[in-house]
Amino acid sequence: MSIKEQVVAIIADQAMVDPSDVKMDHTLADLGIDSLGLVESIFAIEESFDISVPFNANDPSESDFDISSVAAIITAVEKLKQEQSK
Amino acid sequence: MRRVVVTGAGTINPLGEDVTATSAAMREGRCGIGPLEIRDVDRLSIQIGGQIKGYAESDHFNRQQLALYDRFTQFALLSARQAIVQSGLTFSGELADHSGVVLGTSGGGLTTQDENYRAVYEEGKNRVHPFIVPRLMNNAAASHVSIEWNLRGPTFTVATACASSNHAMGQAFNMVRSGMSKVMITGGSEAMLCFGGIKAWEGLRVMSKDACRPFSATRNGMVQGEGAAVYVFEDYEHAKARGAEILCEVAGFAMSSDASDIVTPSKQGAARAIAGAVRDAKLPFDSVGYINAHGTGTAANDKTECAAVADVFGHHADQLMISSTKSMHGHLIGGTGAVELLACIMALRDGVIAPTIGYQEADPECALDVVPNEARDADVDVVLSNAFAFGGLNAVIALRKFS
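Those sequence lines, one after another, are chains A and B.
So in my numbering, spot 59 of the first sequence is number 59, and the numbers just go up one at a time.
So in my numbering, spot 13 of the second sequence is number 13, and the numbers just go up one at a time.
Just chain A, same shape as in the assembly (with noise of 0.2 Å):
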């Protein structure tokens, strides 16, 4: 599975729907899932991936990693999975 695919199925999986009703310009707030089931996502995405994200729930704006699309968190995990197998 793709990077892609692996963060769709975290995603669909967090909002219980089929991985094909994520689209790529879904925010997570359009998919259903809250700021406890952000968190659960962004545990899995480390989990799956044996990745770090940088990310403080009292501040998601501000945190070093854009949730603000699933296309962004694709995006910012390709980036972190890049940065963190140096």
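Among the clues, some could well be false.
[What the hints assert, rightly or not] Which residues of chain A face chain B? A partial, calculated answer using Cβ under 10 Å: (1) Asp34; (2) Ile42; (3) Phe43; (4) Ser48; (5) Ser52; (6) Asn56; (7) Ala57; (8) Asn58; (9) Asp59.
[To be verified] Some chain A residues near chain B, calculated using beta-carbon distances under 10 Å: (10) Ser35; (11) Leu36; (12) Leu38; (13) Val39; (14) Phe55; (15) Glu62; (16) Ser63.
[Claimed, not checked] Taking CB as the label site, the calculated pair distances span: (17) A:Lys23 <-> B:Glu122: 19 to 25 Å; (18) B:Pro130 <-> A:Thr27: 54 to 60 Å; (19) B:Phe156 <-> A:Lys81: 48 to 54 Å; (20) A:Glu83 <-> B:Gly124: 32 to 38 Å; (21) B:Pro130 <-> A:Asp34: 34 to 40 Å; (22) B:Phe156 <-> A:Ser48: 43 to 49 Å.
It should be emphasised that the hints constitute simulated quantities derived from the structure, not laboratory data.
In this text, a Cβ means the ideal position worked out from N, Cα and C, and glycines have one as well.
With chain A's structure known, arrange chain B on it following the hints.
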């Protein structure tokens, strides 16, 4: 209904090893939060806490006692000793049979659990010390206080996460007020600053890596602390008859449940508990001069708490002072309300309002007088202490100057 007064107070917390030292630190606005000195701290992403530094358990307890006393029990016993000695009470006969202990804790003997799980899982040991169960159980602190002071009446532990101490003190208050007990020893204790205790909190992503800055626009989360505070709650007539020194009166208590989300706080739930405590005390809302806030320094708590206070007090919300001493001692979880009650007693007795330190920038969603950075002299007659726990459980205590 009987009047209930406080006739003793004791504590050990990151700001001091007794009430005098703690009050002095609160007055100075001193920060007790610093780098954690615990095993495996390098594997934690959160490496600060309100830890009691320079504490040596063997200075206070012998080997046999330490086999039974987890750190949270030690803190409770040390605090209870100070409080009961100050009260001048001794317990025997009828008084002993009707006096008890209600203490709050969230993690109980978490350090004992952490150490022993490590021994069996990580180190592969197949044998543990025989007293692990009595050492780790949540009621160990209450039981040991009862044993040490011959308190033979109602004794139990309350565990409601961050509201444990306030719920415990609320029970003690109502037990004395109803005439069920003449004296109750109450408060709370927590010692969660071990690897597992911090790792679990880390997972929630609500912890700050640098400081606890309640109400400041720059706040970025909570910081854990450890310690205890214990009080003697006594029937006023009983205290008067023996000529005891009265620190203040416990005037009211209320609790509520948000019944909504397991971690996200609700303004309505908090407001019902705050208003309930004032009504229970049968005091006018505009008599409240100071509120010791729950004020965790998380984005969610602080704005919700300020909105709840604004709702309850209306225009008077702009007249009262509200500060969070967690900025100095950290969040003592199940022991936090007990330590924070010291700031309330200091406000009533000494006329000094403890500050919210670390305050950098105003947040329009926390637009109340949060007593930023420096303590303030003020004459207040009625104060509240807020506690709002995960699980949506709220408990608020009202104290008034004794006259």
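Enumerated hints in conflict with the structure, sorted upward: 4, 17, 21
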